[in-house]
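Trainee: Residues per chain, in single letters:
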Amino acid sequence: MEHLIDIVLLGLLMITGFAIVRMKSLLAVAMLTSIYSLLSASLFVVLDAVDVALTEAAIGAGISTILMLATVALTRDEEKAPRHTPLLPLAVVTVTGAALIYGTLDMPHYGDPAAPVHQHAASAYLHDTPGEIGVPNVVTSVLASYRGYDTLGEVTVIFTAGAGVLALLGYRTRRRNIQGPGIRKLVVLRVIAKLFFPLILLFALYVLFHGDYGPGGGFQAGVIFATGFILYALAFGLGNAQRVIHHPLLRIMAAVGVLIYAAVGIEGILLGGKFLEYGVLADDPVTGQHLGIMLIELGVGITVAAVMLIIYYGFVSRQD
Amino acid sequence: MTELLGHYNYWIVIILMMTGFYIVIARPNLVKKVIGLFIFQTSVFILFISMAKIEGGTAPIIEEGLSVYSNPLPHVLILTAIVVSLATTALGLALVVRIQEAYGTSNEDDIHVQDEED
Amino acid sequence: MTSVYSIGYMRSHHESRQTSYYSYFAVALGSVMGIAFAGNLFTLFIFYELLTLSTYPLVTHAGDDAAREAGRMYLGYLLGTSVMLLLLALIWTWSLTGTLDFRSGGILEGTVTPGIASILLILFVFGIGKAAVMPFHLWLPAAMVAPTPVSALLHAVAVVKAGVFTILKVAIYIFGIDFLAEVPATQWLMYVAAATILLAAIVALRQDNLKLRLAWSTISQLSYIVLCALLVTPLGIVGGSLHIVMHAFAKITLFFCAGAILITTHKTRVSELNGIGRRMPWTMAAFTVGALSMIGVPPAAGFISKWYILLGSIEAGQMIAVGVIITSTLLNAAYFLPIVYAAFFRAPEGNTGNVNSDAHAEAPLTVILAIAVTATGTLALFFVPDIPLELAQQLTGESK
Amino acid sequence: MLLSNLPALQVVIPLVSAPVCLLLRNPRHAWACALIISWLVLAMALLLLQQVYTLGTISYAIGAWATPWGIEYRIDMAGALMILIIATVGAVTMPYAWRNIQHELHRKHTGVYYTCYLLCLTGLLGIVVTGDAFNLFVFLEISSLSSYVLISLGPSRRALTAAYQYLVMGTIGATFILIGIGLLYMMTGTLNMQDISQRLPEVADTRTIRVAFAFVTVGVSIKLALFPLHIWLPNAYTYAPSVVSAFMAATATKVGVYVLLRFFFTLFGLQFSFNAMHVGEILMLLAVAAILIASLVAIFQDNVKRMLAYSSVAQIGYIILGISLATTAGVSAGMLHLFNHAMIKGALFMAMGCIFLRLGSVEIHNMHGLARQMPWTMAAFVAGGLSLIGVPLTAGFISKWYLVNAALTDGYWPLAVLILVSSLLALIYIWRVVEAAYFHLPGADMHKVREAPASMLIPTWLLIGVNLYVGLDAGLITNIAQQGAASLLGQALQ
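From first to last, the protein sequence lines stand for chains A, B, C and D.
Quick note: the first sequence, position 112, residue 112 per my numbering, numbers continuous.
Quick note: the second sequence, position 107, residue 1107 per my numbering, numbers continuous.
Quick note: the third sequence, position 312, residue 2312 per my numbering, numbers continuous.
Quick note: the fourth sequence, position 443, residue 3443 per my numbering, numbers continuous.
Extracted from the complex, chain A is given alone in its bound form (with noise of 0.2 Å):
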């Protein structure tokens, strides 16, 4: 059954991936690649990935579809054909995919427990985790904690990306409240909107703090709570969403939960450990590790949230 729609996703996927290829209309283009990220989420559900699909439904069937409108908007919406002919291309993506093809022949075989992944580092995260960071999700723990570091790394591409879309934006504060007059009408959209709008902050606070037990964490609470706030500009209009959280303040949230994050880790050698060693914040490791992964998830969300509004309010406010 699993297989069954491992093969039926991935054929589905494969079907958008040609229809993105051949449609002119970008809008279509942009609702195409949605569904291609949500039809990747489901999958990595298969595949026993719920961290990854959250995030992915998230970030890539979410935000970035949602920036891609918007820049379809600004853009003409219709793509011209090229002007050269694509063998050159082909011809690049042939051999490129035959040279990969020819690498699978050699590979572990798909689901194999006896491949090298799961043999070294794997077990070992997930024999130790309970023991040593008391965490029962061990993505979250590995993310954290094991591969702390990444994750801090991965923060400060999201405050780029964050800072760059500043640079290259920038920021206009509304002082009329622009709406488009189709919205206006949607009164169905604009109760909706007003009712899950809390219900959506409550479950990136949910997702924010279940992160250690369940899927989720700080990048999807992010995500989720910015989501939230873009829904309610695209029911009630940008000005009133800045006027709930202006653009200086935003700019502070960015930044801030990069210091949240950068601070723990040099609380750790502040306190005699090493960087971003959790285990010397608390008397006992184990609550250390509780202490720290908490404190640097809240950066996340705070940095992510923060800067995927950023990069909101930067592409909508040069709709004029």
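These are computed hints drawn from the structure, not numbers from a lab.
Ideal Cβ placement from N, Cα and C applies to all residues, glycine included.
Among these hints, one or two may not hold up.
To give an idea of the interface, some chain C residues facing chain D are shown, with a C-beta separation under 10 Å as derived from the structure [claimed, not checked]:
#1 Phe2042
#2 Ala2067
#3 Gly2076
#4 Ile2091
#5 Ile2119
#6 Leu2205
#7 Arg2206
#8 Gln2207
Following the hints, complete the assembly by docking chains B, C and D onto the known chain A.
Mentor: Below, chains B, C and D without anything else, positioned relative to chain A:
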């Protein structure tokens, strides 16, 4: 069934990756290129997650009564990579917006023509 | 050897005060000193390049298109050959022997096969573009375009002497003359040098511009020295070393004369010089001395070095070299003597009405003085060749 | 305590300062912050170099997790040298940046510029010190994303398309690297570089590893602008703000080369990379093509920044050429040139920034007679140019010397000739500028042009000073390069 699927997953994923790659290098529209990158990267994620899968395993959340879990490490890597992909997409699209404003087009060929005229 | 060598350049230094390019001159002269005193090939190379770069602004000084073109050629040839060939030879030598020190008897012997040594020798001889062995000689006439007579002088004397001096040093201290004799390429390169001597002399014969004629003559004379280095006999080396000094004195004299003629009469062409000897007797007398030295007629210094070169060729049993030297001497005579003849014995052309131009109109006294000093030097060296000779013999003595 | 945590602090301090910089609303404060951090980073780099010099390779476990579970920082001599390059260029360009950024950037961007610069610095440093393959990818992305932004801030609209082109190519490169790392992980089950290299021999003879190798190589080659994957570079360096060109030309591609070294020698190992995969021959071929073609193209450029960009492609060719020999001599020559070229190109681009500030253009035909108006700037350009050509007494000469020597020792004498021939090509393109500036009559408006301000001249001359110093006394830096090469090749230095 496992034997049949031995490499099936990987092959499809490779086709998906190449679809994205093709869009990037063959399509002149700047938005579409970014979308191509997005597809390319997302497909690479599937490759990683596929390798983390273990036959008969479950999601790597420790629970009583379960002993086989899929490998959490690729999941972690891909969480990071998804964020990187988002950052790239956001910056790429922001650049497209600026290019559209500066050139009045988001078609690569037209931009080349304008640059030649400068 | 080195001190005498440097003294030769102090003469040009003496004159250089006339120009406002004293700083470049200082660097250039410093580089020449550096080349003279360098204890190893590497240091020598550095000063060699420094000399190229510091003299470049003097060539291009005028700033017009012709000067720029000349400068391009100058830099292209000199940097080009030195970077492409000389540096390669240097690094190669270094990687083969692990040292670049000048050592008596050479450093290459016993570490390389004659085949590689041949390639190295070719690289060295052509790489030292300042020696102006054909086909890398074109920069020299180009540099003559340089308007400042002093810079022309520098290029004709200081720079090229640095080149041949380097070749001598390489021949003696890097290869060692004994080893050099075993290198097959020596023979071939000697022929190239011989060909350069003859060809350049023939070209010189056809030049109407006095400076250009001198420049081509320089190319020809330089190859004498290269030829000497490749004769691989002690006498040849002595002759070559002497010729550096002798030629320097003679050429300085000639260039000073050319400069003096330019300053006073604004004439640059050989064909315009008819009767000039009546106007500028002192200048042209000095010119005659210089010319005689170039040809190798006693009592000018050139005779002594040529004598040794001939002896060296005979010692080496290179009859071709002997033939070339004799032929080129005739050619030298053919391109210098007509000038002297015309200057003194032919009536000035055209407007006899302008009597004033016939009057004595010598160059400024300082210039005459400088010319006199160098001309006297040229003569003096014939009668008292002991000092340079002794130094030159010491050079070969060391290398034994 | 702080000293033992130096490897982490080397990266974390600029990382932390980036958000702080964003919070500072006044651009002057942001600049001061970036300036202080840059010099602090340089101080730390020197300290770290000294530590590596005395103690040997340093390993630092982040979060105190043992390898391969946690992420390891690992710094050997090659890494320490690389950090020193980045830190030096960072510290020197920062005082320069103030005037340059004020002039070339829109006012509202100046604050963000410093944030992005610090992020880029963080990313580059992070790439160098890390001993973990995936962590390398993450920091690569930090540096790449921030450099896309930095480039896009250039004064003309073409900066945007240049940045976009770089973004697309850079992302393809990064994704290729990611695929490569994924395949490696699939076969070895670990991400730590040391650990991978130990486990690799067992599976080295599989098609998967070969493909992984190919993907990593291609991906990194895009990042380091190896011919013919360099097409993003000329536009990026031409249209970026001058200080960004200087910083990037001196560091970003160099870090790319360093990553390549890490993968080839530390991770896959000399045996696999060069004997089994024959990457040496391929690289040599590409390097030769890069040197010749890019140098030739450079000759025909009128825009000097573009000319320098093409020259960079050629110079990267030199570095790769040294590496492709896969001998200690070759690799150390490559690393030496890595350092020297960073100093040369940094200085040259900075001189161009000075000219752009006063002249408003970097086209050769606008520079006629410029040397009279800006003697110091042009003198710096000439000095840097001579170093690029490889004239004795400059750093460029030292690296050429070692490169040619390495080629000759291996018997590749045509390569030695090629290196020297291409020096002449460099002579031609540099001299076009020199002739215009020194020997052409100035244009009508030239008398209005003034010399660049001291805040820009002094940093430029600092780099020139390093060039000349290395040209005079190359002992220390060649020693470091040789030790770096030896540690990469896993040999003890004789």
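Trainee: Now, for every hint given, state plainly whether the structure supports it.
Mentor: Hints, one by one, checked against the model:
no.: 1; hint: Phe2042; verdict: holds, 8 Å
no.: 2; hint: Ala2067; verdict: holds, 8 Å
no.: 3; hint: Gly2076; verdict: holds, 8 Å
no.: 4; hint: Ile2091; verdict: holds, 4 Å
no.: 5; hint: Ile2119; verdict: holds, 9 Å
no.: 6; hint: Leu2205; verdict: violated, 33 Å
no.: 7; hint: Arg2206; verdict: violated, 31 Å
no.: 8; hint: Gln2207; verdict: violated, 27 Å
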